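Starting from the known structure of chain W, arrange chain Z on it as the hints suggest.
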Amino acid sequence: MYPYELTQNPYPCSPTPTIIDAQILGGNRHKEAKAAVLSCIEDLRSKMVGIPTDKDFRLITLIQDVGSGKTHLSLHIRGLEELSNNAVISYVDLSQVLPRDMHSLYKAMLEGFTDEYVNDIRRSVVYFLKDKAEQNIKDAKKIFHYGFFDLIKGRNLGKKAEDILQNKIIPNYSDIHSVLKKEFSSTEISVLKLIIEGKLRANAYDVSSLEDIIASVSAVSNLNFKFLKKLTIFQIDEFDSDKESVEFVKAVINAHLPSTVLMLILTPSSYEEIRRKDISVFDRLEKANYKIDLAGSNILEEILDIVFEYIKYYDSKHTFTVDNERDLAAKIKVIYDEFPDFRNIRSMINILYHAMENAGRRDAAIIDEMAIDDTIKSVYPGLRIKGSIMGVPLSDFIKIRRSSNDVQSLESDIRDAVRNLVNYASEMGTVAKLEDTNGKSNGIDVIYNDPTGTKIAVAVVMSKDHVKSFEQISNTIKSSGSADKLVILTNSNRYCGTNETSVVNIDRRKMIDLIYFSSKYKNNEMMLDDDLQRALMLAKSIKLC
Amino acid sequence: MSAEEQIAQRIISSGSLGVKKTDLRKEFAEAEIDTILENMVTHGNVFIDKKGAAYYCWYKDHYFQSLLNSDPKFRLTYEAIKSLEQSFNRTSDGLAKTIESLANSIPNLSKLTIAENEPVVSEKIENDQLISLQFEQFKNEFDIAIANYSNSIGWVELSKIRNELCGMYNMSNEEFYRLVEQLTNKYQDKYELSTGGYEGLTVRGLLHGFVRCI
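Residue numbers (my numbering), protein chains in the order written: chain W, 285 to 829; chain Z, 80 to 293.
In isolation and in its complexed conformation, chain W is listed as follows:
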């Protein structure tokens, strides 16, 4: 059993979306983008009256950075049940098309249609011809090899049509042309023959020129509308500035394919490249009917919404409560805040997939801290905090950060850590032994002599009226003459030091460095030379030695 009483891990483990993963769509930005695409399709459908013309073409651009969910959104739209009665969709991933010549691009467009579509249109066309035969249209029966003996044996045309669909008989292709020539163009008839043969997607190399290819694609769109009453949508993913692709797409746009929506999916970088390389195509993209972007798709709220959507999709018992949501959001926020590397949905889903597996193995009711810690350790073992002198592992960082929310205890931990650090430096012979300040501290936490014999007093000042505290401590030192120099460690960054007083700002990362060191020191884990070097570097960075 997985956390939140889920029977399966809701998160995908694939680094790129699959059709099944794409059934789930979270995030307001993605939902708005989906609504825009559906609106475009609906708009086009509402304008379609009678035979499709070149006015019935729409262009959509979907532009956003890698890993922001463009492909996920495209696949989600492709799999939408509500669209299945209105449109047929061909999805092309240009990153899988090489070489990028017009034939391979055309082939990819045809192969982008689903098997279900190919079967549907084949059935529709065969039954269309059967209807012609039943209406005694000249030569129509010949297509089915329907003759006198069939009549005697009681075989009807419906049976013959099914035989063709099951490839039991081969239709008489020579008669198809004479039956259809009044209603269809020669290109359409060629395409129809391929459909009946079940070879539509194998046709790519039988056309010689770009003009023929465009005519064929146009015919496919026309036939889709005529036989299935559906629009045709071409989704071209990973569209870039490759010359052949750009030229091909330009031709497709210029052709105004009837009853068709062309959806180009690209990154801002590719968009800029196209602007540089082919201003004519760029101009066409600029004039797209819908320019969809997923602005802000990587902000925390969006990521949380998507992450929860996966759980809710599989949470048939509604056991994922508001409290669960709040708890998980807090854990994700720590990762999001501290690590720019994880500020994208793909990385976050990867962490949650592993955390879910980890928690599932332990039968944990929720994704707990251990699940995240273990995930970080096992999935990102080499990951260290950026800017951390002590090389704090990510899992330790998260743990310390979570436990340091209380400012009082944080100050106390820092004070201990500073004392431990000076002690350690003293043990290593870098500074002299520290003096006992207990009972007479007056804000001073540590006093010791540095290698030059200067007496240093250290004060940790946090969560206080800093101005007052600094003045008090400074006055104490001056009046008592107990130290030659004062080092104030503070979380405020509003002050700088003087000759007698060094004010050192210690940000959250440095605090965590100190606490991490302190923990290792107390547990006698400072074993390696590397640890020694790092600890001394930490001491130097906060002007303790």
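These are computed hints drawn from the structure, not numbers from a lab. Hints may be right or wrong, so weigh each one.
Label-pair ranges, simulated between beta-carbon atoms [what the hints assert, rightly or not]:
1. Z:227 with W:739: 54 to 60 angstroms
2. W:380 with Z:223: 39 to 45 angstroms
3. W:300 with Z:265: 28 to 34 angstroms
4. Z:254 with W:691: 31 to 37 angstroms
5. W:665 with Z:248: 38 to 44 angstroms
6. W:806 with Z:254: 50 to 56 angstroms
7. Z:243 with W:665: 41 to 47 angstroms
8. Z:231 with W:813: 53 to 59 angstroms
Note that the coordinates shown come from a computational prediction; the quantities given were computed from them, not determined experimentally. In this text, a Cβ means the ideal position worked out from N, Cα and C, and glycines have one as well.
Leaving out everything else, chain Z in the frame of chain W:
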């Protein structure tokens, strides 16, 4: 000595009084006096002007003196300009001394210590506010640059903004990208980075060379 040189010598020797053109014609009867004078006037070495009923020739320096002596309006204008020049020079000298003095004081200012019982903290707060102001100023300029350069979908190449702001503030590229990193981290929900481009910030090992406001 050529005729031209002899004529030039004659004009120079006449000083601020100048020499009559007709006298020159008499003295150098064999020379093409008009051509030679025209040539000298073209080069700006000699000036010819009417004094009384006759045309006189002056060497350039002497002509200036002649005007000062003979034309009161010219003399007054010249004196006014001279006075303005002196005043400007005095101001420039004063400014240079102030700058020099300030430059000398900077190291001392940085060494200033907190005097006993003197609340210098407020000065430090001002300092800090200055730093904060600079960051805010950078943010404003950055936002303006995004608005100016963004394409129809809002994205801008960071290099374009870097070009403008580094030129404007005499800032190094490293400093620019340090501030951009700080800015995009501080306002995560305001800015969005995108991969690509030829320069920018590296996130997840990917070069992010585009930015836009969300």
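Hint check:
Taken as a hint, the range 54 to 60 angstroms holds for the pair residue 227 of chain Z and residue 739 of chain W, whose Cβ atoms sit roughly 57 angstroms apart. Between residue 380 of chain W and residue 223 of chain Z the beta carbons are some 42 angstroms apart, a value that agrees with the proposed interval 39 to 45 angstroms. Between residue 300 of chain W and residue 265 of chain Z the beta carbon distance is about 32 angstroms. The supplied range of 28 to 34 angstroms therefore holds. Checked against the given bound of 31 to 37 angstroms, the beta carbons of residue 254 of chain Z and residue 691 of chain W, roughly 33 angstroms apart, stay inside it.
Distance hint check: the CB atoms of residue 665 of chain W and residue 248 of chain Z are about 42 angstroms apart, consistent with the given range 38 to 44 angstroms. Here the CB-CB span from residue 806 of chain W to residue 254 of chain Z is close to 41 angstroms, at odds with the stated 50 to 56 angstroms. Taking 41 to 47 angstroms as the suggested C-beta distance range, the pair residue 243 of chain Z and residue 665 of chain W conforms, at roughly 43 angstroms. Against the hinted window of 53 to 59 angstroms, the Cβ-Cβ separation of residue 231 of chain Z and residue 813 of chain W comes to about 57 angstroms, which satisfies the hint.
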